[in-house]
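The chain contents come next:
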Amino acid sequence: MINKEWMTVLSQEKIAVNIYELTLKGELVQQMNEPGRFVHLKVNEQMMPLLRRPISVASIDKENSQFTMIYRAEGEGTKLLAQKKAGETIDVLGPLGNGFPVEAAQPGDTALLVGGGIGVPPLYELSKQLNERGVRTIHVLGFQSADTSFYVEAFSALGDTYVATVDGSLGVKGFVTDAIQQYGLEADILYSCGPLPMLRALEEAQLTKKGFISLEERMGCGIGACFACVCHTKSDPTGTDYRKVCSDGPVFPIGEVAL
Amino acid sequence: MSRLETQLPGLTLKNPIMPASGCFGFGREFSQLYDLNVLGSIMIKATTEEARFGNPTPRVAETPGGMLNAIGLQNPGLEKVVEQELPWLSQFDLPIIANVAGSQVEDYVEVARTISQVENVHALELNISCPNVKTGGIAFGTVPETARHLTKMVKEVSEVPVYVKLSPNVSNIVEMAKAVEDGGADGLTMINTLVGMRIDVKTGNPILANRTGGLSGPAIKPVAIRMIYEVSQQTDLPIIGMGGISTVEDIIEFYLAGASAVAVGTANFANPFICPELIEGVEQYLIDNKIDHISDLSGRSWKKDVKRAYHCS
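Just so you know, the sequences run in chain order G and P. Following our numbering, the numbering of the first sequence begins with 1 at its first residue and continues without gaps. Following our numbering, the numbering of the second sequence begins with 1 at its first residue and continues without gaps.
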């Protein structure tokens, strides 16, 4: 069930360079189950920005009717969002999209969770739910540098956690694929979210038999009506077959969409 | 009769407020949010003879008070629309307006012939104004004689009234309106988007993969109002007005300019519940301002000889 609700800001904190952690409270949280879904936020009531901003859900706390997002304040919309203070309200539409299937991993399995930059947040709720299910999680987190990294300790509390930074200021110098190779990481299932080049590299590496990736795309409506965020499928890469990232995804089985 | 019930060629509308083509798909997504029966109609996504994937992404870019889009008429093609989308829509008590597009005259004629026979299609909207396809679309909507000819050909095969969607990307909108009226159009819908572009100052490249796109949203409302004001005084055709509507006052303004119904486009993206909210809001506005029927407002900005039935509050 998709709802629209004015949710209340409980806290907003800057946790790394340009990275904010925002926690909202409201009834809409009761609709949140699957990790990897997103909410669509109207950051103000003005005509600029006109459209909503899709932000992934980083953790869900149903008991207290609150959820947390982690986002990078980069464009006009997210910079306005970063100014929201505790007690203020935000127009939230959600939860939207299809998330990561937790049940695809069996108890006792090992899952490799690979995130790049602002693709890391949805993996946190995913890891929590996998661990509750008895799935062992290994995390590989990629960032530009140490000062833009976040949640490394939080992930470490849930399972082995490896970090790669482009400038080498934290963990392995290079990309997530370098860290995976260097430590010889193996798993039964892969879950990943991050920039397209990273997802392509993971798909080519064929680390696991099954895997799921979460895509990012400029969106209009966020509910599948406007056709702004479509992509081709792997089986019909130049034809008319398509998937909508917002409503068919953002999570897809590896090999379903053309990257 | 309610304050909102509206009769137009081919259309008996519970209310004159409907989602605009391309902003509502075929209704499936919004049906998860509210009961589509509250709408006056739905202008369904443009249908072409063959399925189209459309343009590469990025397909949208924001602008102050607006957005550019270059979707490129993505749709599943005539056969699937007729066999799957329209039958699905028949569960609702809605007269559907089918948006018809193509690359050449024969395409439009073929789509119009077939889709106009579907029971819940009560009118066609001839799309001669899409700026985002290489052939067809706007190419038919900027030369009066071409538009007149296409309208005439479609009218010959259509089982239902034909509304022509006008492009604002012309120097003389009245001439275009008169040309399609000559071609036998039953009504007009206006306006489609304005061709625009945004360039990423970091990369130096256009943001949209298609380079140019169609500008919609509140930013284009004054253009729509001006064009409806001009056209409604020069033709006898009813006008379904669109272009940046997002508030009750916007709808009133479109009526005052000369519209007989309105469609809501881009605003559905910012607030997916906007159509039902506006339908309730307009009814309340009419009650508050003691206006018996919304049609009393139509053209009031230029019908100076008619005694003003109300005063703007």
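Among these hints, one or two may not hold up.
[What the hints assert, rightly or not] Going by beta-carbon spacing under 7 Å, a handful of chain P positions derived as facing chain G:
1. PHE53
2. VAL60
3. MET67
4. PHE92
Calculated from the structure, these hints are not laboratory results. Owing to the predicted nature of the structure, the values given are computational and were not obtained by experimental measurement. In this text, a Cβ means the ideal position worked out from N, Cα and C, and glycines have one as well.
Is the hint on P/PHE53 kept, meaning its closest Cβ partner in chain G is under 7 Å away? With Cβ-Cβ at 5 Å, under 7 Å, it holds.
Quick one, is the P/MET67 hint okay against chain G at 7 Å, beta carbons? 6 Å, holds
Is the interface hint for P/VAL60 satisfied, with its Cβ closer than 7 Å to some Cβ of chain G? Since chain G brings a Cβ to about 4 Å from P/VAL60, closer than 7 Å, the hint holds.
Can the hint on P/PHE92 be confirmed by a CB-to-CB distance to chain G that is less than 7 Å? Violated, about 16 Å.
Consistency note: the structure conflicts with earlier hint 4 alone.
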